[in-house]
Amino acid sequence: MAADDDGKLSNVMTEILLTLSREPLHGYAIKLDVEARIGDGYVLGSGSLYQALQRLERRGLISEVPELVTDDGRRGRTYRIEPGGTERLKRELARMDRVLADARRHDIETEERAS
Amino acid sequence: MTAGERVYRALLMLLPHWFRRRYREELLEAYRLDRKRERFRGPIGALRFWTHAVSDLVRTAVRERRDPWPVRAYDRRGTRPGFWIVAEARHAARGLRRAPGFSALATLTLALGLGAVTTVFTVVDGVLLAPLPYPEPDELVRVWERERDNPGARMVAYGNWADLRTDAEAFDDLAIWAFAAHTLTGQGDAVRLRSREVSANFARVLGVSPLHGRWISEEDTRDGLRSVVLSHELWRSRLAGDPEALGRAIQLEGRPYTAVGVMPPGFDFPSGGEAWVPLEPVTDPIGARRWHRHNMVGRLEPGLDAATAQARLDPIARRLESAYPDDNSGNFFEVQPLRENMVGSVSHGLTILFAACGVLLLIACVNLASLLLARATSREREFATRGALGASRAQLGWFVAWESLFLGGAGAVVGLGLAAWAAALVRAAATGIIPRVDQIRIGLPVFAFAAGAALLCALAVSFAPLVQGWRSGASLALRQGRSSSALGTMRQRRRLVVAQLSLAVVLVVGAGLLLKSLARMGGVETGVLDEASVVTLDVRVPAGDRDDRAYALHVGELLRSLESAPGVERAAAVLTEPANAGGWSNSLTIRDRPVPTAELPSIGYNIVTAGYFETMGVALREGRGFEDVDLASDEDVVIINRTAAERFWPEESPLGHEILGAPELDRGWARVIGVVDDIRQELSEPPYPEAFVPLEQEPVSGLVVAARVTGHPDEAAAMLERIAREFDADMPVADVGTLRERIGATLSRPRFNTILMTVFAGVALLLACVGVYGVLSYTVAQRRREFGIRMAVGADRRSVLGYVLREAAAIGLLATAIGLTGAVALSRLIRGLLFEVQPMDPVVIASVGALAFGVAVLAGIVPAWSATSVDPVAALREE
Numbered sequence: 001m002a003a004d005d006d007g008k009l010s011n012v013m014t015e016i017l018l019t020l021s022r023e024p025l026h027g028y029a030i031k032l033d034v035e036a037r038i039g040d041g042y043v044l045g046s047g048s049l050y051q052a053l054q055r056l057e058r059r060g061l062i063s064e065v066p067e068l069v070t071d072d073g074r075r076g077r078t079y080r081i082e083p084g085g086t087e088r089l090k091r092e093l094a095r096m097d098r099v100l101a102d103a104r105r106h107d108i109e110t111e112e113r114a115s
Numbered sequence: 001m002t003a004g005e006r007v008y009r010a011l012l013m014l015l016p017h018w019f020r021r022r023y024r025e026e027l028l029e030a031y032r033l034d035r036k037r038e039r040f041r042g043p044i045g046a047l048r049f050w051t052h053a054v055s056d057l058v059r060t061a062v063r064e065r066r067d068p069w070p071v072r073a074y075d076r077r078g079t080r081p082g083f084w085i086v087a088e089a090r091h092a093a094r095g096l097r098r099a100p101g102f103s104a105l106a107t108l109t110l111a112l113g114l115g116a117v118t119t120v121f122t123v124v125d126g127v128l129l130a131p132l133p134y135p136e137p138d139e140l141v142r143v144w145e146r147e148r149d150n151p152g153a154r155m156v157a158y159g160n161w162a163d164l165r166t167d168a169e170a171f172d173d174l175a176i177w178a179f180a181a182h183t184l185t186g187q188g189d190a191v192r193l194r195s196r197e198v199s200a201n202f203a204r205v206l207g208v209s210p211l212h213g214r215w216i217s218e219e220d221t222r223d224g225l226r227s228v229v230l231s232h233e234l235w236r237s238r239l240a241g242d243p244e245a246l247g248r249a250i251q252l253e254g255r256p257y258t259a260v261g262v263m264p265p266g267f268d269f270p271s272g273g274e275a276w277v278p279l280e281p282v283t284d285p286i287g288a289r290r291w292h293r294h295n296m297v298g299r300l301e302p303g304l305d306a307a308t309a310q311a312r313l314d315p316i317a318r319r320l321e322s323a324y325p326d327d328n329s330g331n332f333f334e335v336q337p338l339r340e341n342m343v344g345s346v347s348h349g350l351t352i353l354f355a356a357c358g359v360l361l362l363i364a365c366v367n368l369a370s371l372l373l374a375r376a377t378s379r380e381r382e383f384a385t386r387g388a389l390g391a392s393r394a395q396l397g398w399f400v401a402w403e404s405l406f407l408g409g410a411g412a413v414v415g416l417g418l419a420a421w422a423a424a425l426v427r428a429a430a431t432g433i434i435p436r437v438d439q440i441r442i443g444l445p446v447f448a449f450a451a452g453a454a455l456l457c458a459l460a461v462s463f464a465p466l467v468q469g470w471r472s473g474a475s476l477a478l479r480q481g482r483s484s485s486a487l488g489t490m491r492q493r494r495r496l497v498v499a500q501l502s503l504a505v506v507l508v509v510g511a512g513l514l515l516k517s518l519a520r521m522g523g524v525e526t527g528v529l530d531e532a533s534v535v536t537l538d539v540r541v542p543a544g545d546r547d548d549r550a551y552a553l554h555v556g557e558l559l560r561s562l563e564s565a566p567g568v569e570r571a572a573a574v575l576t577e578p579a580n581a582g583g584w585s586n587s588l589t590i591r592d593r594p595v596p597t598a599e600l601p602s603i604g605y606n607i608v609t610a611g612y613f614e615t616m617g618v619a620l621r622e623g624r625g626f627e628d629v630d631l632a633s634d635e636d637v638v639i640i641n642r643t644a645a646e647r648f649w650p651e652e653s654p655l656g657h658e659i660l661g662a663p664e665l666d667r668g669w670a671r672v673i674g675v676v677d678d679i680r681q682e683l684s685e686p687p688y689p690e691a692f693v694p695l696e697q698e699p700v701s702g703l704v705v706a707a708r709v710t711g712h713p714d715e716a717a718a719m720l721e722r723i724a725r726e727f728d729a730d731m732p733v734a735d736v737g738t739l740r741e742r743i744g745a746t747l748s749r750p751r752f753n754t755i756l757m758t759v760f761a762g763v764a765l766l767l768a769c770v771g772v773y774g775v776l777s778y779t780v781a782q783r784r785r786e787f788g789i790r791m792a793v794g795a796d797r798r799s800v801l802g803y804v805l806r807e808a809a810a811i812g813l814l815a816t817a818i819g820l821t822g823a824v825a826l827s828r829l830i831r832g833l834l835f836e837v838q839p840m841d842p843v844v845i846a847s848v849g850a851l852a853f854g855v856a857v858l859a860g861i862v863p864a865w866s867a868t869s870v871d872p873v874a875a876l877r878e879e
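Line by line, the protein sequences give chains A and B.
Mapping to our numbering: the first sequence position 73 is 73, numbers consecutive.
Mapping to our numbering: the second sequence position 384 is 384, numbers consecutive.
Just so you know, the hints here were simulated from the structure itself, not pulled from any lab data.
Even glycine gets a Cβ: it sits at the ideal position worked out from N, Cα and C.
A couple of the hints might just be wrong.
Claimed, not checked - Computed Cβ-Cβ distance ranges for the label pairs, DEER-style: (1) Q782/B - N11/A: 53 to 61 Å; (2) R6/B - R91/A: 54 to 62 Å; (3) N11/A - A99/B: 45 to 53 Å; (4) R24/B - D97/A: 52 to 60 Å; (5) F102/B - N11/A: 50 to 58 Å; (6) I38/A - A99/B: 55 to 63 Å; (7) F102/B - R91/A: 50 to 58 Å; (8) L32/A - R6/B: 38 to 46 Å; (9) N11/A - L105/B: 55 to 63 Å; (10) I38/A - R6/B: 47 to 55 Å; (11) L32/A - R24/B: 17 to 25 Å.
Claimed, not checked - Here are a few chain B residues that sit away from chain A, every Cβ distance over 10 Å (derived from the structure): (12) F19; (13) L108; (14) L304; (15) Q310; (16) P337; (17) V524; (18) V629; (19) E682; (20) D714; (21) P842; (22) A850.
As the list claims (entries may be wrong) - Only part of the chain A face toward chain B is listed, based on derived beta-carbon distances under 10 Å: (23) S21; (24) P24; (25) H26; (26) G27; (27) Y28; (28) R37; (29) V43; (30) L44; (31) G45; (32) S48; (33) L49; (34) A101.
The whole structure should be built from the sequences, with the hints applied where relevant.
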């Protein structure tokens with residue numbers, strides 16, 4: 001049901017998909033990974049995290065792995081990305097690429113290149 | 001648990017419960033892990049953490065509530081938006097299918113209520129709400145004349161109409177008509193047509209035009225041409241719907257009239273018109289102001305309402321007052337919307353009926369709510385289980401709501417079926433009783449009404465079980481056995497039962513008052529001896545070329561030929577038969593007692609043949625009846641009724657006084673020669689003064705022939721009709737039957753109201769009875785154990801029986817008290833429909849009280865009996 005999912009992805013959702021595209025993780029690990037990638041003191045609130053997870057799950061982009069216990073032995077729901085999620089993430093990244101290319105074509109400097 | 005964790009826990013309360021329930025543990029775990037992190041250590045870190053945490057939770061809560069999507073722990077299929085609502089619907093439908101008895105009872109209950117209310121709405125919609133079938137119907141008004149000191153409206157004088165037409169700027173135009181009757185001959189049996197004499201602008205004011213041919217023209221009325229416009233029905237039945245018939249002559253009153261037009265089907269304005277002929281202008285200058293014989297209909301200028309128009313007529317009325325002080329002093333005009341005029345007489349009765357069946361629907365709803373409540377209690381554990389498994393309040397709510405909606409839908413479908421059937425019955429029964437009854441049909445407004453009412457009922461009845469269900473859903477502990485809320489439900493149901501029985505009492509009081517009132521009206525003494533032995537026929541005796549005296553003799557011949565038939569004692573003819581309510585009246589002048597014209601009292605004016613009082617069995621109090629010598633002489637004579645004698649000659653005998661003269665109208669004085677006992681002119685009014693003059697003095701052709709017969713009235717009626725038709729083939733004969741039947745027909749509208757009201761009240765009482773039965777059986781079922789124990793420790797059957805019956809009696813007594821109080825409070829609403837019965841009639845109130853109490857106790861007998869048959873051992877072994 002999710003392969004044709006065209007709903008918008010919030011930034012948090014995109015980040016979560018990116019994190020889960022590498023390996024299944026439980027909620028808190030996802031939070032840490034996203035915060036680390038964004039850096040700059042960014043804090044991903046727990047409420048926002050689980051809400052985003054819930055919505056991704058509903059759209060069939062990710063799913064809960066029932067029996068998995070994390071390596072550090074803590075109990076918690078573990079999530080993995082679904083094929084539809086991978087698909088959707090690729091489209092999102094492609095869209096970002098187009099945005100970036102467009103910005104460069106118009107000589108809008110991104111911070112990274114300027115520095 | 002640290003203080004911080006407690007605060008975080010409290011903050012989680014911001015989140016909607018479905019979200020909280022699912023992620024609570026994870027969120028708390030995340031809190032604990034977060035607080036161990038370097039960046040959230042120390043006072044600065046703590047500040048940073050709480051700032052983030054609060055804003056995060058608030059934002060999440062807001063987003064989640066704006067776009068809610070409860071996740072169902074026990075049903076993972078609920079991943080599509082709206083899916084769970086559909087799932088609840090399936091769930092509810094399954095539940096109803098599994099309880100066919102409950103579903104059928106609930107549907108039937110609701111269908112009865114919805115059927116009744118929809119039936120009456122169908123009538124209300126067709127008769128009161130549907131627009132009149134004329135263009136811009138709201139511009140159409142009736143205009144009456146009123147006298148300042150007289151409460152009744154009266155018809156319009158020709159001259160005043162002519163002045164209004166030229167002077168009244170508030171009106172586009174005004175038309176007048178007079179009710180008439182024309183005999184049609186040469187087209188099948190002679191028939192009396194309900195004809196209307198109309199001004200030429202009549203059709204233009206109404207905004208109608210003929211289907212074929214043309215309307216009556218100005219020349220027709222001005223030059224007194226004999227042209228006639230026919231109703232579609234008459235054209236079809238008597239002229240075979242032949243278009244060639246237009247332009248040809250038909251015989252009306254023995255004279256040729258040119259048929260110039262045919263109106264479209266359905267047009268019969270005013271009420272039942274069959275033919276329209278030109279109105280003869282009133283040329284007599286005094287008569288033009290004095291004879292109030294015309295009905296007026298006007299079309300207002302666009303945008304004006306009746307009140308404004310009336311205000312603008314006042315200056316004209318004052319001008320006419322000073323111009324014609326003799327006839328117009330104290331005179332003013334009254335403007336009434338045409339619709340109000342056409343249906344005003346029935347709107348009160350219909351409103352009462354509508355209210356009554358609204359109450360019936362309410363009772364049905366209460367019954368249904370009570371049934372649902374009982375069902376909710378028996379399923380308390382199911383709800384508690386679902387609640388424990390994470391079903392949200394919304395889910396349980398939707399479940400209950402779906403159940404009610406399905407029942408409401410089924411009730412609406414069955415109710416509409418009932419209403420369609422009942423509306424057909426009403427249509428057939430109310431023809432001639434209620435105006436515009438042909439407009440009654442089950443159309444879109446009726447469907448919309450039924451659907452709306454069903455929806456409203458469904459929502460209303462789901463309220464109590466909803467609260468009940470939420471309570472059980474919220475009580476996570478799956479208490480075993482009977483829960484405490486059963487008692488609360490019990491109390492709630494008992495309250496509902498008392499409420500519905502009280503409502504039924506109100507309706508039954510209403511029906512009782514109407515029944516008594518109808519009986520009173522049917523039992524009114526008209527003054528006629530044994531009305532069932534008097535056969536009456538409407539005739540219109542053709543005058544032909546006869547002069548007045550020859551005409552009277554001709555009528556006499558008809559009466560003699562009727563009297564010659566076996567079993568006929570006496571026959572007579574009269575202009576207005578008893579209890580007809582539509583007689584003529586006149587200003588009473590008394591010679592040597594001059595009174596200003598405007599202050600003259602009114603007296604009923606009737607025309608009879610010599611044998612009238614004998615035929616009716618009415619005694620002569622004083623003086624003598626009409627005799628041949630009167631009829632042959634040139635001196636006018638008159639007989640008055642007892643009320644007239646007592647009112648106008650309280651101290652002396654009226655005999656020998658001369659009355660009814662009007663020199664300015666060239667009318668002579670008539671000498672009072674006798675006083676007779678009263679005959680009721682209207683059933684609902686006490687007798688009023690009446691004067692009888694012999695037919696020889698004032699020959700009229702539309703007469704009611706009455707004959708007192710000894711044999712079987714029906715056979716006599718058939719025989720008399722045959723004789724009358726043989727007497728003159730061109731004489732129309734109609735409405736043959738006994739005088740009693742004729743009087744009974746005038747009660748048709750009150751009878752119609754009463755029958756419907758009685759049916760509603762009966763159904764209401766039945767529903768309430770079922771309600772009482774239901775709640776008591778339920779009590780007994782809930783207390784089987786208790787009864788078992790009582791019986792085991794030696795209570796005898798009588799005491800158990802008494803216990804349940806006392807319960808029933810308590811419900812009955814309370815409901816009767818509340819219901820009667822309500823009925824008394826509402827009684828003034830029904831006063832207008834009552835005749836010689838007070839709204840607080842003690843007999844009605846006492847018998848209804850006894851009835852309601854009796855019904856409640858009766859409904860308790862079966863449950864009481866079943867309580868005594870509880871087997872103590874079996875009851876104790878249960879649970």
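Which of the stated hints cannot be reconciled with the structure, identified by number in ascending sequence? The structure breaks hints 2, 4, 8, 10, 12, 23, 24, 28 and 34; every other hint is satisfied.
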